[in-house]
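**Q** Protein sequences, first through last, are from chains W and R.
Counting from 1, one number per residue, gives the positions in the first sequence under this note's numbering.
Counting from 1, one number per residue, gives the positions in the second sequence under this note's numbering.
Hints listed in this document are in silico derivations from the structure and should not be mistaken for laboratory results.
For every residue, glycine included, the Cβ atom is placed at its ideal position computed from N, Cα and C.
Do not rely on the hints blindly, as some may be mistaken.
[Stated by the list, open to error] Looking from chain W toward chain R, a few residues come up when the C-beta cut is under 7 Å (computed):
#, residue
1, Met-14
2, Lys-15
3, Gln-28
4, Gln-35
5, Ala-39
6, Ala-40
7, Gln-134
8, Arg-137
9, Leu-139
10, Gly-142
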Amino acid sequence: MNCHKGIRLGKSLMKFTLLINEGPYQHQASDTAYQFAKAALEKGHEIYRVFFYNDGVNNATRLAVPPQDDRNITENWAALAKEHELDMVVCIAAAQRRGMLDADEAGRQGKDADNIHPAFRISGLGQLVEGGIQSDRLLTFGD
Amino acid sequence: MAMLHTVNKSPFERNSLNSCLTKSKEGSTILLIEDAVVGALKGTIVADKLTAAVANKNVCVLGSDLNTRGFTEADIIDGIKIVDYAGFVDLVAEHSNVQSWL
Chain W
1 MNCHKGIRLG KSLMKFTLLI NEGPYQHQAS DTAYQFAKAA LEKGHEIYRV
51 FFYNDGVNNA TRLAVPPQDD RNITENWAAL AKEHELDMVV CIAAAQRRGM
101 LDADEAGRQG KDADNIHPAF RISGLGQLVE GGIQSDRLLT FGD
Chain R
1 MAMLHTVNKS PFERNSLNSC LTKSKEGSTI LLIEDAVVGA LKGTIVADKL
51 TAAVANKNVC VLGSDLNTRG FTEADIIDGI KIVDYAGFVD LVAEHSNVQS
101 WL
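With the rest of the complex left out, here is chain W (with noise of 0.2 Å):
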């Protein structure tokens, strides 16, 4: 039956984009994001890519150790894109400002360590605008 899954269930289900701009335990952009994608995926919807820009690419880092008793931001994110095959991309040019790195551009780079985390990719700021176009909802979350 080439039916849409979300008319089957008599509701719309839709693709999101979020787009984070703010860097982890500033305020509460990626924590307020990272809830909204759980309580999306909940629901059935898709979360077509989640877009880490300015500040943002911070939330990748893989070298972060928090307290033992407050959330570990960059590992709630990773665990919930494992769960949910999600496509967390960090901009590029953002991130080499910010000295995040992955293996591959510290070697470009001529850098002796990478610190961006394996659940998130590298990638242009196309990536945005395609995530956009893609989606059904594009949401911002920054400070």
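Since the structure of chain W is provided, determine the placement of chain R on it from the hints.
**A** Just chain R now, with coordinates in the frame of chain W:
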């Protein structure tokens, strides 16, 4: 379809809630999240503007952000609705697009 506006900063810190109230059209929805939830409280300097907005706009507040800051339903202006994250998702799906007032 009407538009959803989200505001995430306190009206006592930034002007974004005021800008949103001024620019948003009748029939649109305004969702107060994060520090902006204090804009929903009774008896503040912005309460009259929010009360006026409730008359022709759908004003909502994210319940968990309200509770996290020590406030409950009894503290907010009559007519402002409390939603959870699932309600936030529904609002996004029900409106034609979302404007985040940052």
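**Q** Are the hints correct? Go through all of them and say.
**A** Going through the hints against the structure:
Interface restraint check: Met-14/W against chain R, minimum CB-CB distance 5 Å, threshold 7 Å, status holds. Against a cut-off of 7 Å between C-beta atoms, the interface hint on Lys-15/W is violated, since the closest Cβ of chain R lies about 11 Å away. About 5 Å separates the beta-carbon of Gln-28/W from the nearest beta-carbon of chain R, less than 7 Å, and the hint is met. Interface restraint check: Gln-35/W against chain R, minimum CB-CB distance 5 Å, threshold 7 Å, status holds.
Annotation: Ala-39/W was flagged as interfacial toward chain R, and the flag holds, the nearest CB pair being 4 Å apart, inside 7 Å. Restraint check, Ala-40/W versus chain R: the minimum CB separation of about 5 Å is within 7 Å; hint holds. Interface hint status for Gln-134/W: violated, as the beta-carbon distance to the closest one in chain R is roughly 15 Å, over 7 Å. Interface restraint check: Arg-137/W against chain R, minimum CB-CB distance 5 Å, threshold 7 Å, status holds.
Checking Leu-139/W against chain R: minimum C-beta separation of about 5 Å stays under 7 Å; hint holds. With a cut of 7 Å, the hint placing Gly-142/W at the interface with chain R holds, because the nearest CB-to-CB distance is about 5 Å.
Violated hints, in rising order: 2 and 7; the structure is consistent with all others.
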